[in-house]
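Undergrad: The primary structure of each chain is shown beneath.
Number of protein chains: 2
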Amino acid sequence: MLSTARTIAALRETISGWRRAGQTVGLVPTMGALHAGHMALVEAARRDCDRVVVSIFVNPIQFNRQDDLDGYPRREAEDVAKLMAAQTDLLFAPAVEVMYPEGFETKVAVDALGDCLCGAMRPGHMAGVSTVVAKLFLQVLPDRAYFGEKDYQQLMIIQRMARDLDFPVEIRGIETVREADGLALSSRNVNLSEAERAVAPQLFEALTDLASELKGGGGAPALLPNGRRRLMDAGFTEVDYLELRREMSLAPLQQAEPGCRLFVAAWLGQTRLIDNLKVL
Amino acid sequence: MLSTARTIAALRETISGWRRAGQTVGLVPTMGALHAGHMALVEAARRDCDRVVVSIFVNPIQFNRQDDLDGYPRREAEDVAKLMAAQTDLLFAPAVEVMYPEGFETKVAVDALGDCLCGAMRPGHMAGVSTVVAKLFLQVLPDRAYFGEKDYQQLMIIQRMARDLDFPVEIRGIETVREADGLALSSRNVNLSEAERAVAPQLFEALTDLASELKGGGGAPALLPNGRRRLMDAGFTEVDYLELRREMSLAPLQQAEPGCRLFVAAWLGQTRLIDNLKVL
Numbered sequence: 001m002l003s004t005a006r007t008i009a010a011l012r013e014t015i016s017g018w019r020r021a022g023q024t025v026g027l028v029p030t031m032g033a034l035h036a037g038h039m040a041l042v043e044a045a046r047r048d049c050d051r052v053v054v055s056i057f058v059n060p061i062q063f064n065r066q067d068d069l070d071g072y073p074r075r076e077a078e079d080v081a082k083l084m085a086a087q088t089d090l091l092f093a094p095a096v097e098v099m100y101p102e103g104f105e106t107k108v109a110v111d112a113l114g115d116c117l118c119g120a121m122r123p124g125h126m127a128g129v130s131t132v133v134a135k136l137f138l139q140v141l142p143d144r145a146y147f148g149e150k151d152y153q154q155l156m157i158i159q160r161m162a163r164d165l166d167f168p169v170e171i172r173g174i175e176t177v178r179e180a181d182g183l184a185l186s187s188r189n190v191n192l193s194e195a196e197r198a199v200a201p202q203l204f205e206a207l208t209d210l211a212s213e214l215k216g217g218g219g220a221p222a223l224l225p226n227g228r229r230r231l232m233d234a235g236f237t238e239v240d241y242l243e244l245r246r247e248m249s250l251a252p253l254q255q256a257e258p259g260c261r262l263f264v265a266a267w268l269g270q271t272r273l274i275d276n277l278k279v280l
Numbered sequence: 001m002l003s004t005a006r007t008i009a010a011l012r013e014t015i016s017g018w019r020r021a022g023q024t025v026g027l028v029p030t031m032g033a034l035h036a037g038h039m040a041l042v043e044a045a046r047r048d049c050d051r052v053v054v055s056i057f058v059n060p061i062q063f064n065r066q067d068d069l070d071g072y073p074r075r076e077a078e079d080v081a082k083l084m085a086a087q088t089d090l091l092f093a094p095a096v097e098v099m100y101p102e103g104f105e106t107k108v109a110v111d112a113l114g115d116c117l118c119g120a121m122r123p124g125h126m127a128g129v130s131t132v133v134a135k136l137f138l139q140v141l142p143d144r145a146y147f148g149e150k151d152y153q154q155l156m157i158i159q160r161m162a163r164d165l166d167f168p169v170e171i172r173g174i175e176t177v178r179e180a181d182g183l184a185l186s187s188r189n190v191n192l193s194e195a196e197r198a199v200a201p202q203l204f205e206a207l208t209d210l211a212s213e214l215k216g217g218g219g220a221p222a223l224l225p226n227g228r229r230r231l232m233d234a235g236f237t238e239v240d241y242l243e244l245r246r247e248m249s250l251a252p253l254q255q256a257e258p259g260c261r262l263f264v265a266a267w268l269g270q271t272r273l274i275d276n277l278k279v280l
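Protein chains in written order, with our numbering: chain A, 1 to 280; chain B, 1 to 280.
Read the hints as simulated data drawn from the structure, not as lab findings. The reader is advised that the hints may include incorrect statements.
To be verified - Sample of chain A residues facing chain B (criterion: CB under 7 Å; computed from the structure):
#: 1; residue: F104
#: 2; residue: T106
#: 3; residue: K107
#: 4; residue: A109
#: 5; residue: V110
#: 6; residue: D111
#: 7; residue: A112
#: 8; residue: K135
#: 9; residue: L138
#: 10; residue: Q139
#: 11; residue: M161
#: 12; residue: D164
#: 13; residue: L165
#: 14; residue: D166
#: 15; residue: F167
Here a beta-carbon is modelled for each residue, glycine too, at the ideal position from N, C-alpha and C.
If we strip away everything but chain A, and leave its shape as in the complex, we get:
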């Protein structure tokens, strides 16, 4: 039975009942428009925990453009049906005023990790993410929380924040779910035109090819510009970044080494897609 909480008090009341019964709680924070990638997080939580809470909140402070916030897909009725089918216990779907009442002015930021990649392209984005996740952690106090590897920088930032601030929560990263043609699932994919959708899988193909070239000993300074060119030739309209970095620290690398990963963000018209791939 899925119940829905719209206030922090209602959320806490349900959860404290579970706590008294000695049950463990898993949290899956989302912005809704749920797809199979989100549902893989819910399934992982279902396997690990007695109770599963999914939050749906399109977090305004992590958007740096109003049109992007306005255009972000919202489809709660369909989301609820998916969550019921996946035996979610509780949906937390607060209004903006519940999360950010008047006078709100606290920020949680993970400095160095938030400055590169998507953080550099979208000022304030990563601090917006870490702030809302800190709030959700404090509202739910889950035993475990689940995040997709598709937003890998976000996952590293949340892991670092949880460790640095001593949140009593275990962060689990779950592998990216992909379409048959390799495109990483994303709520933003619904915004792609048919022609853009045909180009989109090139993002993952380019990463896959670059990863094998890097593993073969090629250097990033030579290979990455080729990769950018390939994406533009395939029909991407802009490449925000295409970089080789260490997984934990996100430090940039010239050569592949154990624990490194490729990161990419590129535009197809009005839609920005991101992806990443472990190299070694």
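On the provided structure of chain A, position chain B as indicated by the hints.
TA: Showing chain B alone in chain A's frame:
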């Protein structure tokens, strides 16, 4: 019986035993060198809560000058004796490496409230305070936490942080404890020479007189410069600020109004003293 925890694991083990027994927990965060002002916080916690945790941690990230950090008084043996006499249950006294392991890079900041008064004079100070208090709250997960009104800006910032991030903790502000001559108790008072100690009570006297002049209808732009001059004439070597502000928002005011307070910071040689007083 006072026990001492030096690691987060040891702290949590003791507290989780209390939690299982259904006991409430009060936290008094301090930097040690305990005086009657701190002990008033411990006594308030003792009255309200089943268990009392006092933390002693001289927090390096809230000091903006190395000599100030090095010179901050440390006297754990005497502190322990006071805490035992006050029936404290647990002392948490972590080393710097326990609180800030290598790679630490997360900050919790309350923007507007941290920019004025002591925040303007001591860059990074207030974010250092809110970050360490966020950590202590997450380590202890207390029902209530106690802070002195002497550090009034700090109290407002912590209250705002706790509210904004949904910490499940009640913040209690406790009235400033003063010497017979009015000097607010502070760990820094031990650094005053005999001559400086004789001048120090003028700080509170000046606030008291200004408060009655403001209540009498005087304007802050006329009265505050007189107050600064009076402090310099009395022997203070520098006045960092002397201001009239709203209590909750810390917005500056020209005239007294309900919920306003005077704030002062001034130097006696190498020692910086702060104080504040409710006007209306």
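Undergrad: A separate judgement is required for each hint: does it hold in the structure or not?
TA: Hints, one by one, checked against the model:
Here the hint on F104(A) is kept, as its CB sits about 5 Å from the closest CB of chain B, short of 7 Å. Interface hint status for T106(A): upheld, as the beta-carbon distance to the closest one in chain B is roughly 4 Å, under 7 Å. For the restraint placing K107(A) at the interface with chain B, the shortest Cβ-Cβ distance is roughly 5 Å, inside the 7 Å limit, so the hint holds. Residue-level restraint check for A109(A) holds (minimum Cβ-Cβ distance to chain B is 5 Å; threshold 7 Å).
Checking V110(A) against chain B: minimum C-beta separation of about 5 Å stays under 7 Å; hint holds. At a threshold of 7 Å, the smallest CB-CB gap from D111(A) to chain B is about 5 Å, leaving the interface hint in force. Interface hint at A112(A): satisfied, since its Cβ lies 5 Å from the closest Cβ of chain B, which is below the 7 Å cut-off. Hint status for K135(A): holds, given a least beta-carbon distance of 5 Å to chain B, under 7 Å.
Look at L138(A): its Cβ gets to within about 5 Å of chain B, closer than 7 Å, so that hint holds up. Here the hint on Q139(A) is kept, as its CB sits about 5 Å from the closest CB of chain B, short of 7 Å. Taken as an interface hint, M161(A) checks out: its beta carbon lies about 5 Å from the nearest beta carbon of chain B, inside 7 Å. The closest approach between the C-beta of D164(A) and any C-beta of chain B is roughly 4 Å, which is under the 7 Å cut-off, so the hint is satisfied.
A distance limit of 7 Å between C-beta atoms decides the matter here; for L165(A) the minimum to chain B is near 6 Å, and the interface restraint holds. Below 7 Å, beta-carbon pairs count as interface contacts, and D166(A) has one with chain B at about 4 Å; its hint therefore holds. For the restraint placing F167(A) at the interface with chain B, the shortest Cβ-Cβ distance is roughly 6 Å, inside the 7 Å limit, so the hint holds.
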